[in-house]
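Chains A and B supply the protein sequences, listed in that same order.
Just so we're aligned, residue 1 is where the first sequence starts under full-length UniProt numbering, counting upward by one.
Just so we're aligned, residue 1 is where the second sequence starts under full-length UniProt numbering, counting upward by one.
No wet-lab data here; the hints were simulated from the structure.
No false leads were mixed into what you were given.
Straight line, CA to CA, 30 Å or less: simulated DSSO-like cross-link-like pairs of lysine-lysine:
1) B:Lys-140 x A:Lys-98
2) A:Lys-35 x A:Lys-175
3) A:Lys-54 x B:Lys-115
4) A:Lys-144 x B:Lys-147
Short derived list, chain B residues pointing at chain A, Cβ under 10 Å:
5) Ser-150
6) Leu-157
7) Asp-158
8) Phe-163
9) Met-166
10) Ala-170
11) Val-204
12) His-207
13) Thr-209
14) Ser-210
15) Ser-213
16) Val-264
17) Met-265
18) Glu-269
19) Trp-271
In this text the structure is predicted, and so the values were computed from the model without any measurement.
All C-beta atoms in this analysis are idealised placements derived from N, C-alpha and C, irrespective of residue type, glycine included.
The primary structure of each chain is shown beneath.
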Amino acid sequence: MGLLALLRKLHSSPTHEMRILLLGLDNAGKTTLLKQLASEDVSFVTPTIGFNVKSVQSKGFKLNVWDIGGQREIRPYWRNYFENTDVLIYVIDSTDEKRFLETSQELYNLLEEDKLANVPLFIFANKQDLVAATNVGDIAERLKLCNIRERQWQIQPCSALTGAGIQEGMEWLCKNMAIKKKKK
Amino acid sequence: MLFGIIHLFFWRIFKSLLRIWTRKCEIQRICENNRSDIYQECVSLEASMCFSKSAPIRSLVSMSRFNNKSVDEHIAAMIVCKGIKDLSFQERFRDRISLIIHYNSLIREVTELKKSYSTENTTHEATLLSLWDCLKPNEKLKERRSKQWSDLGFQGLDPATDFRGMGYLALTQLYYLANTRTELARNLLLKSQHPEYGYPFALVGIHTTSFLSNLLTTRSLRYQLFILSERYQHTISMERFNELFVYVFVEFDKFWRESGPNNVMQFNERWRVFDSVITQNLNTINVLN
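In isolation and in its complexed conformation, chain B is listed as follows (with noise of 0.2 Å):
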């Protein structure tokens, strides 16, 4: 505690220096720095305005909805509060909290999706039919709640209560697996059912959403997401957190069945292997590519 406040007195010292020096602000020099990539350029900004003393910059990079014009009022209050008078920093500064506040809003959206699932939403419980309708063309669900619904990989006569703390958005990811990768999906949950090394299909879907709800609210997902939206032109959105979905589950049904597992009781064990690997590659490498 006392040193980082120590810190912090040496690093604005430092950083008044630096804007004298250079007559430019931290933010102007990081946007104006060539030799750190896209996602380097948003983590020090993101920073540095999380840090500042100035509240337009602050409540600019902590924006969880996008609105083109907002954002210009707020880099125009920016401008105005920090005194800048060289302004081609501003594109690329546009361009970069652009990107910060399309990530911030993607944890709102997937924070307001994990609120519980609920039997009475027609919406949910129509997507929960279709996930049968996905996976099972060829079998009629017999009722509502029914024993068919462990075929899937789920644990009783009702899914809903599997949903638990990932509520809605569990379903939604697991249905875009199986609606828009249909072949895919049926490919998957086939392999699951390998009387060797078999898994709970739709039990391993919830706990993969668990795990990347994770990575992206602890703000871990930046790499891919930053990296992904220049390269492809995508803005982050929800396709690209339930494509990372598909990637994370493709993943582990191969290391499952190349680790060799005794019986399913194995799985937070190898689990905890999985996820070091996987947290590395989604920091290092593009996954989606």
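With the rest of the complex left out, here is chain A (with noise of 0.2 Å):
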């Protein structure tokens, strides 16, 4: 193969690009999924003040992944980020029992956005690695998830710290985005 069509090839790979916002409370491991999706440290995070955005390679798709600030004062910003969203990642703290109520009051003000709905769900519930930690099954209790309607939603235990249950998670969305790209 020479060169010039080595290039090209890798220049055409990504076949297509997906949109993907990340959301939770300020806590909730967001910016540490996010340097796990990238192969990144994650070991040194910090709060997130405003959002970092960062593209990732993945089964075929270019995932570009904005990861927005969880803290109550930034939350109000949220909604400038939702347009164009093909996916939206919820991550929830499972250890942190005491903000279940919170966390869901978020969530559902978000289901119920206009510029959102249809959009996929993709609930992570993250540190599942601490023993702390709520099941998923409870937690899909506690946040009432049965009653989501009308959209294609899924809840996937995971540790953004280790990684478990992350591949998992990305190969469900890449899936589901296949086969709604091909409906198209």
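Mind assembling these two chains? They're in different frames, but the hints should get you there.
This is the structure in structure tokens:
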């Protein structure tokens, strides 16, 4: 293969682009998840002021992942990032039982947004590596996830710190997106 | 990789020729070269010693605890190993190598402090409460988990979750600012609450710690700490590192307001610009003058 052909092949390899929005309360683990997706070191993460964005290659997709800070003061700005979202990833700290109510309220506010209507929802129940973590079944029940209608959704246990469960999640995402793109 | 090996090979031949011609080893030549400043000397010494074939030299330059006796023993071993006869370089060399070891030692200390903040550690908790008292002398903290923390620019009810990757180090730096420069710290806190150009005070502090700790471990604070220690006879210490924290924080506050951000969502974009300006300053001017 000539050099030019090789370059062209490399250049054209990401077949689809996907815009992923990463939301959740502060300290849920959004930035750690983002770094894990980009195969970066996750040991020195600090709280996000504003937002982070990264492009990640996965299964023939170019994922543009937007990680928006979860601090209460920043949440009103979330809506500025809704436009053209292909998938919403919502991250929950499974050990923070005291804020399950708060996180479910924020989630339902998001689901009512017009700009996010029909956008597939993927929930990561994070920090499953910790003993204090609530299991996925209980979280689904506490957050009344079975009430979610008119959109595809899925919940997945994971540990953004160790990387466990992240690949499974991303595979589900890419598979579902592939089906959706074919339909188009 | 291959180029590196070839390069190293020719470099070694070149050094051997120089050694025969000058009758001095590279370390002596660096210490007797009066054209370079202390920073350049230390950097050249470090590079030369890290690539040395002799084990005593490599172990000397990688020491991370300063101890007079042990340093002297290492230097003696090096002199024997290198067969150095003319000892006139020794005093200056000892001076330079001490700086390098103090720098290594600071990295070790900082890495140690970065280990996570713990709510079960009484020192950690006491420092956190003192931070509140320094910054809010006229307001009592009602309970340990409290919404009041957000007045200092923490995110939730418990600042412990915000320290994360920077651990106790982030708190010690914020506390250094609040405790030794109380007026300045209160003033900065007030400015951080500006309705248009505000920013989360504590989070910016944690971010600053992360920025500096990264520069320190990649050895990019050598200019600042080496130059400073020569001019003011300071040793390289945690206090100097904390002074740099104060400097970066104050500069950020100025930069942020002057850049006229629309809102805090522009933080990372503006920080990237700030980062390159400040890194440049830290490598070229003595900022703690």
